[in-house]
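When you get a sec, could you build the whole thing from the sequences and use the hints?
Keeping their order, the protein sequence lines are chains A and B. With my numbering, letter number 194 in the first sequence gets 194, and the count goes up by one each step, no holes. So my numbering is basically just the index in the second sequence, starting at one, shifted up by 1000.
The hints are simulated quantities; they were obtained by calculation from the structure and are not laboratory data. Since the model is a prediction, treat every value here as computed from it, not as a measurement. For every residue, glycine included, the Cβ atom is placed at its ideal position computed from N, Cα and C. A couple of the hints might just be wrong.
Okay, the calculated beta carbon distance ranges per label pair [what the hints assert, rightly or not]:
hint: 1; chain 1: A; residue 1: L54; chain 2: B; residue 2: S1222; range: 51 to 61 Å
hint: 2; chain 1: A; residue 1: P194; chain 2: B; residue 2: F1171; range: 56 to 66 Å
hint: 3; chain 1: B; residue 1: L1025; chain 2: A; residue 2: L113; range: 17 to 27 Å
hint: 4; chain 1: B; residue 1: S1169; chain 2: A; residue 2: S58; range: 52 to 62 Å
hint: 5; chain 1: B; residue 1: D1173; chain 2: A; residue 2: L35; range: 45 to 55 Å
hint: 6; chain 1: B; residue 1: P1041; chain 2: A; residue 2: P226; range: 13 to 23 Å
hint: 7; chain 1: B; residue 1: L1107; chain 2: A; residue 2: L11; range: 37 to 47 Å
hint: 8; chain 1: A; residue 1: R183; chain 2: B; residue 2: P1041; range: 52 to 62 Å
hint: 9; chain 1: A; residue 1: R110; chain 2: B; residue 2: R1310; range: 26 to 36 Å
hint: 10; chain 1: B; residue 1: A1017; chain 2: A; residue 2: L54; range: 50 to 60 Å
hint: 11; chain 1: A; residue 1: S56; chain 2: B; residue 2: S1222; range: 52 to 62 Å
hint: 12; chain 1: A; residue 1: D112; chain 2: B; residue 2: L1005; range: 19 to 29 Å
hint: 13; chain 1: A; residue 1: S58; chain 2: B; residue 2: N1150; range: 15 to 25 Å
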Amino acid sequence: MSEAAPRHAWLRRVAANRSVVVGLGILAVVVCAALVAERISTHNPRRLDPPNRLQSPSAEHYLGTDEFGRDVWSLVVHGSRVSLLVGLTTMLLTSLGGVVIGLGAGYYRRLDLLLMRVMDGLMAFPAILLAIALMAARGPGVWNVIFALSVVYTPRTAMLIRSTVLVIRETDYVQAARALGRRDLGIAFRHILPNCVGPLLVQGSFIFAYAILAEAILGFLGVGVPPSVPSWGNVIASGKNVIREAFWVSLFPGVALTLSGLSLNLLGDGLRDTLDPRLRVP
Amino acid sequence: MTPYLLRRVLALVPVLAVVVTVVFLLIHLIPGDPVGVMLGPDATPAQVQATRQALGLDRPLHEQLLKFYSRVLRGDLGQSYFLDRPVTTALLERAEPTLVLTLASLLVAIAIGVPSGIVAAAHRGSAWDRLLMLGALLGVCVPGFWLSLNFIYLFAVRLGWLPAAGYTSIFADPVAALRYMVLPAVSLGFSQSALIARISRSCMLEALQQDYVRTARAKGLSQGAVTWIHAFRNALVPVVTVIGITTAILIGGAVVTEIVFNIPGLGRLIISAVLRRDYPVVQGVILVTATAYVLINLAVDILYVFIDPRIRYE
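Rendered as structure tokens:
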């Protein structure tokens, strides 16, 4: 065995996990759809075409049309862009915020007391209600959705990083590094952060999933991205009004939403089983 | 027990203080001039100035915060601009449907989740286990509000078994209330049952591996007696925790479900308040729900002691 092998052993373990493979496969389809949305959509998703409203699925409109005559297939394909943008950015921002807050709290006892009370307080709000309230203050828009969801989900990541840091900082090698005179920041980057990567990846995939779902809920409630922007939540909301005549309007964006959620949950479950076997559900 | 209880209640104080501060700061997150945003473009400068003074927004921030604390402590959540009544009155009027929906869906979630988890654990690796856990995975991934819409289409529009939307108070007409509540409670409860099922399964698996279970089996007790009497009681503590968490998630889920089924609860109250920029109502709803969440967690912590006598808080 070559020397580099153990370093990549975890990658091979992850790649051999069935949940990870299936999850990544579905996610890849959604990402591809978002990247080539212009190519694979058959109509302009924003174009209103009242004479063709509420058409059932056909060769012309694969997934039918909505109450304004917009093509549902094109709306779903373009909607994936908003979902992925919100999901991915929220994941990155919560990871960044979580690492900064978690490191600070895990490392400095005084800061810990203050930061953890704030995190407890933020986590006392039902997630979706806090997001709604933040949207009420900031107004509709993609970046406001990302801001609201990042505020809502950062405490979870911060708590996770903090608990990881509390364990790692007591280990012998960190004590040794400290005895050798390494600075806090050096220890944090060199010894502690690498140990947080596993939990962060697992948590990140779940937050990605939550954020996509929460974005859709906010859109559905009419307080997320503006109704003119094609997003899955907005399309499901417009389908609600015509559920009696045209079930397909809300059905297909919901399927896309479910598949995205499924892919990220599978990915998260698989990563947890391989990266942190202690948390494995038997 | 009493010192533990006292300490536990005291620990709530900082959490609630943060909650109130966050609710207070909400107004200050409004971009630009909050009063201008609230009153809309037609307001005269005099009206803007008067409202600003009435809300105390012309005072320094710390003074506003202190005033907000003292008001909240006295149970005064302000006045709704749009409903023309105190926020607390509006909240009380709308609390019943949300409470009924939350409790009904909690019952559904427990009724589905706990038995599924136990059956899956008792028959680990069997087809039942796989089927139930696949169902639980779907429950986690299928968005509750979308499931509600599909239920409406299937059971109300197609089959005509149940009303598509609406609400009747359980005190006014229990039978009609039940008919209205079935679809919302099942669709909200199903989504949440998944988490309960997963936790119940893993806790039962752990309990079933303990020595006392082997002893019980060795004594010749039936599978049912071993599962339910010996293992289940010991698996209950984490299950109760997750039921507590579920209740909090259900409060959030109820908001969305109310919009789908046109139920006049706190969810519809906050959404219409957001759309009308009626900020005191928005603040009131999230303050009340967060407080409810904190209190539910307290109740769960106290319940532990009764469920598991081994837990003794010194």
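Query raised in the report: Looking back at the hints listed earlier, which ones does the structure fail to meet?
Result: 4
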